[in-house]
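J.: What follows is each chain in one-letter form.
There are 2 protein chains.
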Amino acid sequence: MDVASAARAAKKAAIPLAAAAGADKDRMLAAVASALEARAADIAAANAEDLRRAAATALAEPLLKRLRFDAPKIATAVAGVRSLMALPDPVGATLAATELDQGLELYKVSCPIGVIGVIFESRPDALVQISSLCLKSGNAVLLKGGSEAAGTNRILAEVIAAASEAAGAPAGWMQLLETREDVTCMLALEDDIDLIIPRGSNAFVRHIMDHSNIPVLGHADGICHAYVDRAADLDMAVAVVRDSKCQYVAVCNALETLLVHRDIAAAFLPRLQAALTTPPVRLIGCPRTAAIIAVEAAGETTWRTEHLDYTLSVRVVDSLSDAIDHINTYGSRHTDAIITADAAAAATFMDLVDSGNVFWNCSTRFSDGYRYGLGAEVGISTNKIHARGPVGLEGLMIYKWKLFGHGQTVAPYADGRRHFTHRPLAGTPPR
Amino acid sequence: MDVASAARAAKKAAIPLAAAAGADKDRMLAAVASALEARAADIAAANAEDLRRAAATALAEPLLKRLRFDAPKIATAVAGVRSLMALPDPVGATLAATELDQGLELYKVSCPIGVIGVIFESRPDALVQISSLCLKSGNAVLLKGGSEAAGTNRILAEVIAAASEAAGAPAGWMQLLETREDVTCMLALEDDIDLIIPRGSNAFVRHIMDHSNIPVLGHADGICHAYVDRAADLDMAVAVVRDSKCQYVAVCNALETLLVHRDIAAAFLPRLQAALTTPPVRLIGCPRTAAIIAVEAAGETTWRTEHLDYTLSVRVVDSLSDAIDHINTYGSRHTDAIITADAAAAATFMDLVDSGNVFWNCSTRFSDGYRYGLGAEVGISTNKIHARGPVGLEGLMIYKWKLFGHGQTVAPYADGRRHFTHRPLAGTPPR
Numbered sequence: 000m001d002v003a004s005a006a007r008a009a010k011k012a013a014i015p016l017a018a019a020a021g022a023d024k025d026r027m028l029a030a031v032a033s034a035l036e037a038r039a040a041d042i043a044a045a046n047a048e049d050l051r052r053a054a055a056t057a058l059a060e061p062l063l064k065r066l067r068f069d070a071p072k073i074a075t076a077v078a079g080v081r082s083l084m085a086l087p088d089p090v091g092a093t094l095a096a097t098e099l100d101q102g103l104e105l106y107k108v109s110c111p112i113g114v115i116g117v118i119f120e121s122r123p124d125a126l127v128q129i130s131s132l133c134l135k136s137g138n139a140v141l142l143k144g145g146s147e148a149a150g151t152n153r154i155l156a157e158v159i160a161a162a163s164e165a166a167g168a169p170a171g172w173m174q175l176l177e178t179r180e181d182v183t184c185m186l187a188l189e190d191d192i193d194l195i196i197p198r199g200s201n202a203f204v205r206h207i208m209d210h211s212n213i214p215v216l217g218h219a220d221g222i223c224h225a226y227v228d229r230a231a232d233l234d235m236a237v238a239v240v241r242d243s244k245c246q247y248v249a250v251c252n253a254l255e256t257l258l259v260h261r262d263i264a265a266a267f268l269p270r271l272q273a274a275l276t277t278p279p280v281r282l283i284g285c286p287r288t289a290a291i292i293a294v295e296a297a298g299e300t301t302w303r304t305e306h307l308d309y310t311l312s313v314r315v316v317d318s319l320s321d322a323i324d325h326i327n328t329y330g331s332r333h334t335d336a337i338i339t340a341d342a343a344a345a346a347t348f349m350d351l352v353d354s355g356n357v358f359w360n361c362s363t364r365f366s367d368g369y370r371y372g373l374g375a376e377v378g379i380s381t382n383k384i385h386a387r388g389p390v391g392l393e394g395l396m397i398y399k400w401k402l403f404g405h406g407q408t409v410a411p412y413a414d415g416r417r418h419f420t421h422r423p424l425a426g427t428p429p430r
Numbered sequence: 000m001d002v003a004s005a006a007r008a009a010k011k012a013a014i015p016l017a018a019a020a021g022a023d024k025d026r027m028l029a030a031v032a033s034a035l036e037a038r039a040a041d042i043a044a045a046n047a048e049d050l051r052r053a054a055a056t057a058l059a060e061p062l063l064k065r066l067r068f069d070a071p072k073i074a075t076a077v078a079g080v081r082s083l084m085a086l087p088d089p090v091g092a093t094l095a096a097t098e099l100d101q102g103l104e105l106y107k108v109s110c111p112i113g114v115i116g117v118i119f120e121s122r123p124d125a126l127v128q129i130s131s132l133c134l135k136s137g138n139a140v141l142l143k144g145g146s147e148a149a150g151t152n153r154i155l156a157e158v159i160a161a162a163s164e165a166a167g168a169p170a171g172w173m174q175l176l177e178t179r180e181d182v183t184c185m186l187a188l189e190d191d192i193d194l195i196i197p198r199g200s201n202a203f204v205r206h207i208m209d210h211s212n213i214p215v216l217g218h219a220d221g222i223c224h225a226y227v228d229r230a231a232d233l234d235m236a237v238a239v240v241r242d243s244k245c246q247y248v249a250v251c252n253a254l255e256t257l258l259v260h261r262d263i264a265a266a267f268l269p270r271l272q273a274a275l276t277t278p279p280v281r282l283i284g285c286p287r288t289a290a291i292i293a294v295e296a297a298g299e300t301t302w303r304t305e306h307l308d309y310t311l312s313v314r315v316v317d318s319l320s321d322a323i324d325h326i327n328t329y330g331s332r333h334t335d336a337i338i339t340a341d342a343a344a345a346a347t348f349m350d351l352v353d354s355g356n357v358f359w360n361c362s363t364r365f366s367d368g369y370r371y372g373l374g375a376e377v378g379i380s381t382n383k384i385h386a387r388g389p390v391g392l393e394g395l396m397i398y399k400w401k402l403f404g405h406g407q408t409v410a411p412y413a414d415g416r417r418h419f420t421h422r423p424l425a426g427t428p429p430r
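So the sequences go chain by chain: A and B. Residue 0 is where the first sequence starts when you use numbering that gives the first Met the number 0, and the numbers rise one by one after that. Residue 0 is where the second sequence starts when you use numbering that gives the first Met the number 0, and the numbers rise one by one after that.
Isolated chain A (complex conformation) (with noise of 0.2 Å):
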């Protein structure tokens, strides 16, 4: 099937998925872990065939550990597709509730958005994640997963759509696409796809945004600062800045830029240096740190650089005003944390600072929708709309406005014979 027409089919699967109870789409997810269960050695087979070809192309080593899909991993994904079935019904909750008059009741209802078009990673496990979050909030999805993966989302994919339309899910909810032409198909179907979520390299993301008038949900940079702030206490500086760098370096919540006060910049940058030693951390400084502590001139792009190594941008600066002001210029709105003991100046940096994550006194690698106990994470959105920072399955939702009525027209309300009540009502809608 091209896309065009998968598009089309998950558009029209999208209405019935929508209105599917949620006892129902509970049993829809059971059987989708039963038969990931059942077919374990087949998907694992499958894997193993994409790890040879991987290991052929001489893909490096935490690529191929992604890769891996192996019977443990199975079973963690399994184990999440059931964890689903614990939450409630995202679909459905009355989020607000109105008598316009009397007989004349207005309800905001949670329901989900649609299609979603999600692009990924070499990571199999993602494609088990992503298709249970959108059976569980009722969206039809579009899959198109990394290459190296291929053998191994293909069965992934044919499993969780039979097993799932077995159990009631409509025909076409769910859809694997393949090549790279199917991705820059799919950025032109705005009738049919109501959202795109990219996962991804930042130049990935990046090309996806500015070439869709679809919305996109996620982020292409993770330019995340920590300010040093004056009153910090600098053990907890140099403990919360190599967490910050050094914890995993290839995310998008590290840390990629330190900003220090020039009052504590003398004591604090030699500490920090000596700190981070196992492994060397390269550093790249404004003159100011150059003055104190060896380092790499700091040059035009270096505030707007993405290191995703053990590499760091450090600039000293004249005062809290300052930091917020290069954050704001030079920061990609996700992640950024002040390290300080004044509790005004962590408030000023949490409000001024315009990302959507702003921290006191801990690691930015906190970013993230596990640690934040979102449960699944759909990913991470440097947007202004819609959902900001790590997304869990409300990201999935919006909501339409149900009005329920005996007949009402707005004639007398508009030529002042009737008034509207608009009076809060408790419960929920009629059925």
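Don't read these hints as lab results, they were simulated from the structure. Accuracy of the hints is not assured; some may be wrong.
One copy or two, it doesn't matter: identical chains are merged, so the pair holds either way.
What the hints assert, rightly or not - Okay, derived cross-link-like pairs now, EDC-like style, lysine to aspartate or glutamate, Cα gap no bigger than 16 Å in a straight line:
1) Lys-64 / Glu-164
2) Lys-11 / Asp-234
3) Lys-107 / Asp-367
4) Lys-72 / Asp-124
5) Lys-64 / Asp-124
6) Lys-11 / Asp-324
7) Lys-11 / Glu-164
8) Lys-11 / Asp-321
Since the structure of chain A is provided, determine the placement of chain B on it from the hints.
T.: Just chain B, lined up with the frame of chain A:
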């Protein structure tokens, strides 16, 4: 000032405005209201000049009526500004709170979106309403009004900016754009403008949506449907359809297409036609409609046409399911109503019609922020994300995550030495 500089200035102003206390913003609104009263004669004089110029160009009477901004209309606008002061501050509300671990507390806190670009029709009261909504919600705003109201808009913008800035609002938080070229330029400023709200003709809004990477909140088409089910009370159906079509034809929530179940078409259509005579409604119908009443023949484009006039498209359908399919195929996700005495049919319709507003036994014309009791209305959205249907103040809001720690790092959680508690918290973030 050119538009790029204006947008940069607005972005700079948005940062302190986002952190302004509710009481301070209410004081700014009070100053705006008083200044508008004090300058009412000058404003009315500028408007009289706009009206004279418009009359000379033979502007149609309804447009002249919308353009008029005389003493009573100024007083109404001022009352609108003061009514916002009574509303709670939408900024700083705690939307969720979780203890991640002892002494590591996460708060999801409402905040403004940032910089809003609003393009609106030739109603000067829209400028007052939108700028005061933005001020209340802590958003900076770039405004472009209809050219017919240029003189009125200029004095209104001067008065509002001067009064609010004298009361403490950051300079540049609201700015007026004057030309179409300014709008074109604004659409490209995605680094500085976070959301565009266009109000106007559907061709205009469609143009904006197709020519900007900035998220757009609004609606292009309003192709609203009423479906008269076979279980409809026919008197009620006549009254609701007549009100939906005729109460005000030039608006987005007016009825454009009527769907009638085949079983009651022969009884219903002649009665409806007899009721649509003052003024006469032009009917365009499918062949099965034409077999019952005299109508013009529907063509290829009939079902996708927003008449905005005393014209109604009519189609006979075989079933509820066909009615839903028609609406999901040809509709614009705005407002659609079912008239039926069958509660199960109504529930199916309201679940499966993929529109922002789904109504049972009442007029489509109720789809409106004021009638919904939302207070002031930002606009009506047919988007599938962020905000849907009539949008009040909450459409100008988003949130940020604030995490308060005591030096915590991720490493001990990653290696299993510590575990998250993920305990719900009551209360508000520490200050």
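J.: Does each hint fit the structure? Answer for all of them.
T.: Here's how the hints hold up against the structure:
no. : hint              : verdict
1   : Lys-64 / Glu-164  : neither (32 Å within a copy, 57 Å between copies)
2   : Lys-11 / Asp-234  : neither (58 Å within a copy, 34 Å between copies)
3   : Lys-107 / Asp-367 : between (29 Å within a copy, 14 Å between copies)
4   : Lys-72 / Asp-124  : within (8 Å within a copy, 60 Å between copies)
5   : Lys-64 / Asp-124  : within (12 Å within a copy, 61 Å between copies)
6   : Lys-11 / Asp-324  : between (48 Å within a copy, 9 Å between copies)
7   : Lys-11 / Glu-164  : within (14 Å within a copy, 52 Å between copies)
8   : Lys-11 / Asp-321  : between (52 Å within a copy, 13 Å between copies)
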